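Participant: As a plain string of letters, each chain reads:
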Amino acid sequence: MSENTFSLNLKTVNQIAQKTGHSIKNMWPSRIPLILIPPVLIITLSLAVPLIYLVIRLLQTDASIWNLLLRQQTLQALLNTLLLSGAVTISSIIIAVPLAWLTVRIDFPGRKLFSILTIVPLVIPSLIGGFTFISAFGRGGFIHQLLQWLNINFVPDIYGFGGAWILLTLLCYPYVLLTVRSALMNMDQSQIEAARTMGLNPLKTFFKVTLPKLKPAVTAGGLLIALYTISDFAAVSLLQYNTFTRLIYIEYQTSFNRIYAAVLALLLVMMSLIIVSLEMKNQNNNHYYSVGAGTKRHLMKITPGKWKWLGTGFCSLVVLFSLILPAGTIIYWIFRGLRQGEELIIRPEAAFNSFYVSFLAAILTVSSALPIALVSTHYKSKFSGFIQNIAYAGYALPGIVVALSLVFFGANYGRLFYQTLPLLLFAYVILFLPQALGTLRSSLLQLNPHIEDAGLIIGFSRMQILHKIILPLLKPGILSGAALVFLTSMKELPATMLLGPIGFRSLTTEIWNATIEAFYTRAAVPALILIIISSFSLAIIFKRKEDTEQKCQLQES
Amino acid sequence: MIINLKNILKTYPECESPALNNINLSIKSGEIITLLGPSGCGKTTLLRLIAGLEKPDQGEIYIKNNQVTGNQIWVPPEKREVGMVFQDFALFPHLNVQQNIAFALQNMKISEEQKKNKINSIIKLVGLSGLSSQNPADLSGGQQQRVALARALIQDPLLVMLDEPFNNLDMNLRSKMQKEITNIIHKSGTTAVFVTHNQKEALSISNKVIVMDKGQIEQKGTPRQIYEKPKTKFVASFVGQSNILSGTIGKEKNTVITPLGRLSCRTDHNKKPGTRVDLSIKPEDIKINSSGSIQGTILSQKYKGQYVEAVISIKTSSNTKSPNKNLNIYLTPDDSYKKGDKLSLSIPPKNVNIISS
Chain A
1 MSENTFSLNL KTVNQIAQKT GHSIKNMWPS RIPLILIPPV LIITLSLAVP LIYLVIRLLQ
61 TDASIWNLLL RQQTLQALLN TLLLSGAVTI SSIIIAVPLA WLTVRIDFPG RKLFSILTIV
121 PLVIPSLIGG FTFISAFGRG GFIHQLLQWL NINFVPDIYG FGGAWILLTL LCYPYVLLTV
181 RSALMNMDQS QIEAARTMGL NPLKTFFKVT LPKLKPAVTA GGLLIALYTI SDFAAVSLLQ
241 YNTFTRLIYI EYQTSFNRIY AAVLALLLVM MSLIIVSLEM KNQNNNHYYS VGAGTKRHLM
301 KITPGKWKWL GTGFCSLVVL FSLILPAGTI IYWIFRGLRQ GEELIIRPEA AFNSFYVSFL
361 AAILTVSSAL PIALVSTHYK SKFSGFIQNI AYAGYALPGI VVALSLVFFG ANYGRLFYQT
421 LPLLLFAYVI LFLPQALGTL RSSLLQLNPH IEDAGLIIGF SRMQILHKII LPLLKPGILS
481 GAALVFLTSM KELPATMLLG PIGFRSLTTE IWNATIEAFY TRAAVPALIL IIISSFSLAI
541 IFKRKEDTEQ KCQLQES
Chain B
1001 MIINLKNILK TYPECESPAL NNINLSIKSG EIITLLGPSG CGKTTLLRLI AGLEKPDQGE
1061 IYIKNNQVTG NQIWVPPEKR EVGMVFQDFA LFPHLNVQQN IAFALQNMKI SEEQKKNKIN
1121 SIIKLVGLSG LSSQNPADLS GGQQQRVALA RALIQDPLLV MLDEPFNNLD MNLRSKMQKE
1181 ITNIIHKSGT TAVFVTHNQK EALSISNKVI VMDKGQIEQK GTPRQIYEKP KTKFVASFVG
1241 QSNILSGTIG KEKNTVITPL GRLSCRTDHN KKPGTRVDLS IKPEDIKINS SGSIQGTILS
1301 QKYKGQYVEA VISIKTSSNT KSPNKNLNIY LTPDDSYKKG DKLSLSIPPK NVNIISS
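Sequences listed follow chains A and B, in order.
Each residue of the first sequence is one higher than the last, beginning at 1 in the working numbering.
Each residue of the second sequence is one higher than the last, beginning at 1001 in the working numbering.
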């Protein structure tokens, strides 16, 4: 069929879809077509294999699991992980809630600029955060050099809990900022005014009306941060704070009996599953929308008078530490390297590997996500719900856990694949399938269902509908899902280190090695590249969110 | 006087014409007033200025003879003792019915016992007994509105203001709630200001109507005065339908020369003969009368249920420029007139209303 006839067909289909409206229903069979079942089953099973294997392996072991579980080291790691994620979550909330309130409600100088700049730290992966933090404040870092130049012999102790806490807070607070900002922007001005007419002054109104309404948003953002913190590997490892992820890595590297690492990995998975389930509960319990019909009135800006520079000051301080300092550090090392004539060019093989592997990961992940997305959007049943949940489980799996379980699996059953590219790609698919699935599902759900009904009416077969209607309309979703997986794979560290073929270098492993060995100039250029890449992935996510919101508004009106 | 507004001027940034221009208004204790006007006429802005949710550019506002706005005086909304029911009700979704109502009491210095009594009696007054522990999201539109009203009334405000309160309710519920809400307000004895763009609503719920257009007050008066004796063309056409004619005051007493010929008119004007004026005549006041002096032909008819709206083409007297003038009149559905039928019409003098030109 030529391009023209196809577009004509699509047009007729659209017209019929509009005319028939709601009259045609259930033209899709309720059962999943046979042709989709094998790929869906194979993909879902392979996704579950590593974790199942980890459990089986543990059950077979003769060592008493209880002994392993109750080791002092385990309890310490548990305590450390809980302490860090609690501290990071709380301090992020303390920074982000005032930031959100300031940038949404107060008309202080620079408000518009700061409402963007305060969110930008999201583009800094924790590996780069760790690198800039150490190379700024650590021994030999540029603050240390500056102090030496001033004849002050002092190196701040950045390792351990304190450093990890500060660094992760600076990297994570934007998650709460985003959720709280959007809650504030959707808030109804009338409720605030109602409280005022009922005798509450502005301060009391904030505590009695505004704050309770922000609770679900704070909880959602806070849980994201907790999940980020417990799964984070790079920042805690570089700053040498023993949480589960670091301990798993150390055990993996040093011990011949890897059972203990598996115990830790399962504990970590349980923690993240708890957080994810809390997150789901929070979403379901979210009754805090405004009641009553009619359009909401957006919050009015408050003109703060003589206090306005306080807002500017607070925002500047946050942006200085979370954005300017890391960016400045990278630029400092690049310039220093240039001046001292050091070789700045990154190893071409590292850059090539990163691009090449991420490209393959994107193709593989999106192709695996597509059948699952189709089944879960078109055939609502317990089975499709189950498949979807398994696919989303990767969201709760920290990279180090997936890496470790695949190491086990590869070493015992898949000798052929052990330390080969396919195994690394497999890890990427497990880790990033939820991202691709999310993008594809939201594109599929936005398609007008009557378009498919109309296709059936004019005599297309289901395969033709898939091929001629759904896939072409899905193209933007497929592309942005693939781009997202590509960009996230570029930033991945623990799986790349554990599963990459021997001698495999990528941008992330280069930064890791250079930071550990304190060759900061060598880490600077790859870090810059990763930050740029990371900004693209963030742009895609925001664009998608915006598009979805626009479409929803269109559908409502 | 409960409320006094003097020379209020308010212009929103990025708007050329003022939202409110030279508003002077006083509200007596116990009055139930409606601010009536099309969207964007400034009626909601007026409420917000009284409540202290917005500041005027100029002018003074007094509540119970105490100045609250103007001359560098500013009393914040929480200290004005004014209750407000918002268009979207603005209930707090995180609190149940009782907590929503009790919210307004937290700053009052009265005993817990008194608070409890107050809440119980207001819940009874607005008819929400048995629903106190429900969440607002689980209530119907009418119930939500009762909560909003209870919340506004519980602090015994000097004045309760309702911003388009019936706008978000469907037709049936709307007329039911109009009756109930006005009843509750009568029982509570508070002064009330309604804002609406619905003229029928305005005429039926209040004892004083203030018609506004383009930021200015067009006319104040009882519903009857506003309907029967509109003072401006805008009021005549906005409150009910009106036929607007231009004419000149005649030499003979209480007559006016119009394109329809010489008509006898109301006596309550003091215009000199020869003055050019506008007249308003309601369609329902034009009667079919075989001895009537106005002759016309039916141009079109529209069935409206209780009546038939007909457009009559009148041959005008020879000295006017346009040869025909159309009049809207109402026929009873039983009359079986056809298009093209000739009719003789008469207008009782008391229904020929002179608008200052």
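These are calculated hints, taken from the structure and not from any lab test.
These numbers come from a predicted model, not from an experiment.
Heads up, some of the hints might be wrong.
[Stated by the list, open to error] Taking beta-carbon pairs under 10 Å as the criterion, some of the chain B residues facing chain A (in silico):
(1) 1077
(2) 1087
(3) 1090
(4) 1106
(5) 1161
(6) 1174
(7) 1176
(8) 1178
[Stated by the list, open to error] With a straight-line cut-off of 25 Å between C-alpha atoms, the simulated DSS-like cross-links for lysine-lysine are:
(9) 208(A) x 1079(B)
(10) 306(A) x 1055(B)
(11) 1304(B) x 208(A)
(12) 306(A) x 1079(B)
(13) 1055(B) x 308(A)
(14) 204(A) x 1233(B)
(15) 208(A) x 1116(B)
(16) 208(A) x 1115(B)
(17) 1287(B) x 204(A)
(18) 301(A) x 1079(B)
(19) 1116(B) x 204(A)
[What the hints assert, rightly or not] Residues of chain A placed beyond 10 Å of chain B at every Cβ, according to the derived structure:
(20) 101
(21) 385
(22) 411
Cβ coordinates follow ideal geometry from the N, Cα and C atoms, glycine included.
Participant: Run every hint past the structure and note whether it holds.
Facilitator: Each hint, compared with the structure:
Interface hint at residue 1077(B): satisfied, since its Cβ lies 4 Å from the closest Cβ of chain A, which is below the 10 Å cut-off. Annotation: interface hint on residue 1087(B) holds; nearest CB of chain A at approximately 6 Å, less than 10 Å. Taking 10 Å as the C-beta cut-off, the interface hint given for residue 1090(B) holds, the closest approach to chain A being about 4 Å. Satisfaction of the interface hint for residue 1106(B) is found here, the shortest Cβ-Cβ separation to chain A being roughly 8 Å, below the 10 Å cut-off.
Here the hint on residue 1161(B) is kept, as its CB sits about 9 Å from the closest CB of chain A, short of 10 Å. The beta carbon of residue 1174(B) comes no nearer than 12 Å to any beta carbon in chain A, farther than 10 Å, and the hint placing it at the interface is violated. Annotation: residue 1176(B) was flagged as interfacial toward chain A, and the flag is violated, the nearest CB pair being 17 Å apart, outside 10 Å. Among the interface hints, the one on residue 1178(B) is violated; its C-beta lies about 17 Å from the nearest C-beta in chain A, farther than the 10 Å criterion.
For the suggested pair residue 208(A) and residue 1079(B), the alpha carbons sit about 18 Å apart, so the restraint of at most 25 Å is met. For the hint linking residue 306(A) to residue 1055(B), the alpha-carbon distance of about 19 Å falls within 25 Å, and the restraint holds. Under the criterion of a C-alpha separation no larger than 25 Å, the hint pairing residue 1304(B) with residue 208(A) is inconsistent with the structure, at around 51 Å. Pair hint residue 306(A) plus residue 1079(B) holds up; C-alpha atoms about 24 Å apart against a cutoff of 25 Å.
At most 25 Å may separate the alpha-carbon atoms for a hinted pair to count; residue 1055(B) and residue 308(A) meet this at roughly 20 Å. At most 25 Å may separate the alpha-carbon atoms for a hinted pair to count; residue 204(A) and residue 1233(B) exceed this at roughly 48 Å. Simply put, residue 208(A) and residue 1116(B) have alpha-carbon atoms about 20 Å apart, close enough for the 25 Å limit, and the pair holds. The suggested pairing of residue 208(A) with residue 1115(B) holds, with an alpha-carbon distance near 19 Å, which does not exceed 25 Å.
Simply put, residue 1287(B) and residue 204(A) have alpha-carbon atoms about 63 Å apart, too far for the 25 Å limit, and the pair is violated. A C-alpha spacing of about 22 Å is found between residue 301(A) and residue 1079(B), which places the hinted pair at or below 25 Å, so the restraint holds. Note on residue 1116(B) and residue 204(A): the hinted pairing holds, with a Cα-Cα distance of about 22 Å set against a maximum of 25 Å. For residue 101(A), the condition that its CB be more than 10 Å from all CB atoms of chain B holds, with the nearest at approximately 18 Å.
No beta-carbon of chain B comes within 10 Å of the beta-carbon of residue 385(A); the shortest separation is about 27 Å. Separation of residue 411(A) from chain B is adequate, the least Cβ-Cβ distance of about 53 Å exceeding the 10 Å criterion.
Checked against the numbered hints above, the structure breaks hints 6, 7, 8, 11, 14, 17 and satisfies the rest.
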